[in-house]
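> Each chain, letter by letter, is given below.
There are 2 protein chains.
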Amino acid sequence: MKIAVIGGVAAGTSAAAKARRTDPDAEIVLFEKDNDISYAGCGLPYYISDLIEEREAIVVNTPASFSERYNVDVKTGHEVTTINCDENILFVKDLANDKKIRYEYDKLIVATGASPVVPPIPGIDLNNIFPLRTVSDADQIKEKALEDNIKKVAVIGAGLIGLEMVESFSKLAKDVSVIEMQPHVLPQFSNEMAEIVEKHLQDKGVNLILADGVKEFIGDEKVNKVITQSGQEIEVDLVLLSIGVKPVVDLAEESGIKLGKTGAIAVDSKMQTSVEHIYAAGDCAESKDLLTEKPVWVPLGSTANKQGRVAGENAAGGNYEHLGILKTGITKIFDLTVATTGLNEEEAAENGFEPVSVKIRAHHHAGYYPGVNQLDIKAIFAKKTQRLLGAEIIGEKGVDKRIDVLATAIFSKLTAADLFQIDLAYAPPYSSPKDPVAILGMVAEKKLS
Amino acid sequence: MKIAVIGGVAAGTSAAAKARRTDPDAEIVLFEKDNDISYAGCGLPYYISDLIEEREAIVVNTPASFSERYNVDVKTGHEVTTINCDENILFVKDLANDKKIRYEYDKLIVATGASPVVPPIPGIDLNNIFPLRTVSDADQIKEKALEDNIKKVAVIGAGLIGLEMVESFSKLAKDVSVIEMQPHVLPQFSNEMAEIVEKHLQDKGVNLILADGVKEFIGDEKVNKVITQSGQEIEVDLVLLSIGVKPVVDLAEESGIKLGKTGAIAVDSKMQTSVEHIYAAGDCAESKDLLTEKPVWVPLGSTANKQGRVAGENAAGGNYEHLGILKTGITKIFDLTVATTGLNEEEAAENGFEPVSVKIRAHHHAGYYPGVNQLDIKAIFAKKTQRLLGAEIIGEKGVDKRIDVLATAIFSKLTAADLFQIDLAYAPPYSSPKDPVAILGMVAEKKLS
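Residue numbers (numbering that gives the first Met the number 0), protein chains in the order written: chain F, 0 to 448; chain U, 0 to 448.
Worth flagging that the hints you see were computed from the coordinates, not collected in a lab.
Treat each hint with caution, since some may be false.
Chain copies aren't distinguished; within one or between two, either way the pair holds.
Unchecked claim - Derived DSS-like pairs (lysine-lysine); straight-line CA-CA distance at most 25 Å: (1) LYS396 x LYS203; (2) LYS446 x LYS269; (3) LYS445 x LYS269; (4) LYS269 x LYS412; (5) LYS170 x LYS382; (6) LYS358 x LYS198; (7) LYS224 x LYS170; (8) LYS151 x LYS203; (9) LYS287 x LYS412; (10) LYS383 x LYS412; (11) LYS198 x LYS396.
Could you build the full structure based on these sequences and the hints that come with them?
Have a look at this one:
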C-alpha cells in the first residue's frame with residue numbers, strides 16, 4: 000500500500016500519522032512545498048508577541064523528527080503540480096533543483112490548506128505589508144515587530160486572527176489601528192455582542208475604524224500610510240493583512256476533483272472526495288454543518304486535525320467518519336474571551352428554525368468568591384423544538400467552559416429544559432449553585448413557553 | 000393558597016422564591032429554627048480561611064431582605080415540631096419565648112436539610128471540637144482559628160469538605176493533620192486518583208493519617224490530643240469533624256412521610272413526597288441517579304437549589320420536574336481541582352454495565368502556550384453500548400470545564416465515538432486541537448473495540 004499526502008501542516012501530518020498507526024507496513028510519503036511542516040498555526044500570534052519566545056515551541060515536529068517518529072518519507076520543498084486521477088500518479092517538482100518526480104500512489108490525501116486573501120489594493124506590494132499564515136510569515140513579522148522603529152501598526156480585518164494580532168502588537172507596545180469593512184468586529188457575532196468587544200478594544204487604546212475599507216497603501220519601498228475609502232489617513236510602519244483565507248484548491252480542481260458550493264473540496268463523512276482513492280482534509284476541504292446538514296467551509300485547526308485523522312485512517316484501510324462541525328470558535332482578545340458555537344440568528348432563520356434569541360448575564364462563579372466576573376451569553380433556540388441552536392459568550396473567565404458545554408448540548412440535541420437539568424459541577428471557585436448554563440435554560444424555557 | 004416551607008437554607012429559600020414567582024398572590028411562610036437563612040453553605044470554608052472576610056458576603060439574604068424581596072413571612076427561631084398530614088396543620092415552637100403556634104397550610108415544602116454526623120467517641124464533648132454545617136458553626140471556628148494560640152488542627156474525615164477545610168486551616172498557617180478511616184482520601188474516587196491528591200496534600204505539609212480512626216479525644220475542658228485506633232497520639236488545639244452528614248428527617252418520618260432506602264425522604268420527579276400536598280427538597284430528600292434510575296442521596300448545594308425551585312413551582316400550582324443527578328462534585332484542594340461525575344467502576348459493575356475503565360493524561364491547553372498543566376482523567380464506559388458512564392478528573396487547571404462537558408455527555412447518553420466528534424472550542428490558551436475530551440473518546444474507542 001502506497002499512501003501519498005499533499006501538505007504537511009495540521010491535516011496532512013494528522014493524516015500521515017494516523018495512516019501509519021492504522022497500517023504499520025504502508026509506504027507513506029508526504030509532499031510539502033514549504034520547508035516547515037507540523038507547525039501550530041494557531042500559536043503564531045503568541046510567537047509573534049514573544050509570549051512564546053522559541054520558534055521550536057511552535058514547530059511541533061521537524062521534517063526529520065516527524066519522519067523518524069512515524070516512518071513517513073517527508074519531502075519538503077516539493078510541490079505537487081498534477082494529480083493524474085485515472086492512473087494514480089502525482090507529478091511533483093523538487094523546488095531546490097527544479098527536478099520533476101513521478102509518484103504512483105494507491106491512496107492520496109489532499110491537505111493543501113488555505114492561503115491568505117491578498118486583495119489587489121494599490122500599494123499592496125510595498126514592504127512591511129504581511130499576511131499571516133505560515134511560520135515564515137510569522138518569522139518575518141516577528142523580526143520586524145521586535146524592531147524599535149516599528150511603532151505604528153495597522154491590522155486590516157477584525158476577525159478572530161486579526162484581533163489576536165491586535166493584542167500581540169499591543170503587547171509589543173505598538174500603536175495599533177484596526178480597519179474593518181463591516182460595521183462591527185467579529186462578523187460571526189451579533190452586533191450587540193461585538194459591541195462589548197469593541198468597547199474593550201477601545202479601552203485598551205486600540206484605534207478602531209469600522210465600516211471602512213483600505214483604498215490605498217502609500218509608501219516609498221516601505222509602507223508608511225494607509226488611506227481608507229472614507230478618506231482617513233493612518234500613518235503606519237507595518238501592516239498586517241487578515242482579511243480572510245481561501246482554500247487552496249487549484250491542484251485538486253485541475254485534476255478533476257469536485258469542489259463544493261463553498262469553493263472548498265467536496266468530501267463525504269469519510270473525507271473521500273469525488274474521486275475514488277482520493278481523500279481531502281483540513282482547510283482545503285468542506286465540512287458538514289451538524290445543524291443544517293449543509294456543507295460549510297470553516298477552516299479551523301481543530302477540524303483540520305480531526306479530518307486529517309479520519310482521512311488517514313480511511314486511506315490506510317480503516318473505516319471512520321467525521322460527522323461535521325458546529326463552527327465552534329474561541330479567541331482571547333486582551334482580557335476577554337470571546338466564543339461562539341452553532342448557528343447565529345440569521346443562519347437559523349435562513350434554515351427555517353424560527354429562532355428565539357435569549358440573552359443573560361451571570362456570574363462566572365459564586366458571586367462572593369474573590370475574582371468574580373460577568374459572562375454575557377446570547378443563545379438561539381428553535382421555537383418549535385426548543386432545541387439549542389447556537390450561542391455566543393463573552394467574558395473574562397469561564398467562557399471556554401460554557402461554550403464547550405453548550406457545544407456538547409447542541410451536538411446532543413438538548414433543549415432549553417435540558418440545560419436546567421444537566422448536573423453540572425458546583426463549588427464556589429468554579430460556578431454558582433445555578434450555573435450560567437442552567438440559568439440560560441430557565442430563561443429560555445420561560446421565553447419559549 | 001397558603002404555602003409553608005420548613006427550612007431556610009438552599010432548598011427552602013429557592014422553593015419560597017420560586018413559589019412566589021409562580022403565584023404572586025399566595026401566602027408564603029418560611030419557618031427556620033436557626034437565626035440565619037439563605038447562606039452559602041459551600042462558601043463556609045472560604046469564610047473561615049478569611050479569603051472571604053465579611054460574614055455578609057456568605058449570607059445571601061437576611062430574613063428581612065428575603066422577606067421584603069419575595070414577600071415571604073420569614074419566621075426564624077421557629078422550630079416545626081409536628082406535621083399533621085391529615086389536617087394540613089403545622090405545630091411550631093417559637094424558640095425565643097417557648098410559645099406554640101398552629102399553622103394551616105394548603106401546600107407544604109419540607110427542606111430540613113442535613114446535619115453533621117457526630118460520633119459517640121469518648122471526649123467528643125470537649126471544647127474546640129467543631130462540626131461545620133451552619134454559619135454559626137463557621138463563626139465559632141473562624142473566631143478560634145484566627146487566634147494565634149490555635150496552632151495545631153486535626154480534620155477528621157477526608158471527604159470533599161474535610162479537604163477544603165484542610166486548605167483553609169493551612170492558609171491560616173495552622174499545622175494540619177487529617178485522619179481518615181478509609182485507606183484513601185475522597186472515598187468516591189478510585190484509589191489511583193486519590194493517591195494523586197494524597198501526594199499533593201503531603202507536598203503541602205499536611206500530616207495524612209489514613210486507614211485509622213479516632214479512638215478518643217483527650218483534654219481538660221479543651222481538646223489537646225487525638226488518640227487514633229492504631230495508637231497514634233496527635234497534639235491538637237482544634238478539631239474539625241467532617242465525617243459526613245445525615246438527612247434531617249425525624250419530623251417528616253414521625254409525621255408519616257415515607258423515607259426511601261437511603262434514609263432520606265422519598266420523592267418523585269416533582270419533589271412530591273408520599274403525602275399529597277407535601278413536597279421535600281434539598282439535603283433531606285432523595286434524588287434519582289440518572290444512570291441507574293435508582294434513588295440516591297447525595298446532598299449538594301446545586302441539587303438542593305434545583306430541587307427547591309421545582310418543589311416551589313409545583314407547590315404553587317406549576318408543573319416542573321427534577322429529572323435526577325449524576326452526583327457531579329468538584330472541589331479545590333490547594334493547587335488541585337478534583338472532580339467527579341457519574342458512576343465509578345464499582346457502581347457501574349453493580350448495576351450491570353460491564354464497565355471498561357480508560358485513563359489518559361493530557362495537556363489542559365496547547366503544550367507550547369505558557370502555563371500548561373496536565374489533566375489526569377479516568378473514565379468508565381459501558382462495554383456493550385460504549386456509553387460514557389462516569390469520570391474522575393484531577394489537575395491544576397481546566398478540570399471544571401472537562402467535568403462539565405463529560406457531565407453533559409453522560410446526561411445526553413453520548414458514546415466514546417461521540418466524544419471525538421463534539422466540536423469543542425480550540426485556541427491555544429484554552430485547549431489543544433484535540434481536546435482531552437476528544438483524546439479520551441479516541442482512547443476509549445480503541446479499548447472498547
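> Now look at each hint and say whether the structure bears it out.
Hint-by-hint comparison with the structure:
1. LYS396 x LYS203: So LYS396 and LYS203 pass the 25 Å test inside one copy only (18 Å; across, 27 Å).
2. LYS446 x LYS269: Cα proximity of LYS446 and LYS269: across copies only (22 Å, versus 40 Å in one copy).
3. LYS445 x LYS269: Answer is between; shortest inter-copy Cα gap is 18 Å, intra-copy 41 Å.
4. LYS269 x LYS412: both (23 Å within a copy, 24 Å between copies)
5. LYS170 x LYS382: Answer is neither; intra-copy 44 Å and inter-copy 50 Å both fail.
6. LYS358 x LYS198: Within one copy only: 19 Å inside a chain, 44 Å across chains, cut-off 25 Å.
7. LYS224 x LYS170: within (22 Å within a copy, 56 Å between copies)
8. LYS151 x LYS203: For LYS151 and LYS203, the Cα distance is within 25 Å only inside one copy (15 Å; across copies 48 Å).
9. LYS287 x LYS412: Answer is both: 16 Å inside a copy and 22 Å across each meet the 25 Å cutoff.
10. LYS383 x LYS412: Both ways: LYS383 and LYS412 sit 13 Å apart in one copy and 23 Å across, limit 25 Å.
11. LYS198 x LYS396: within (17 Å within a copy, 29 Å between copies)
In this structure, the one hint that does not hold is number 5.
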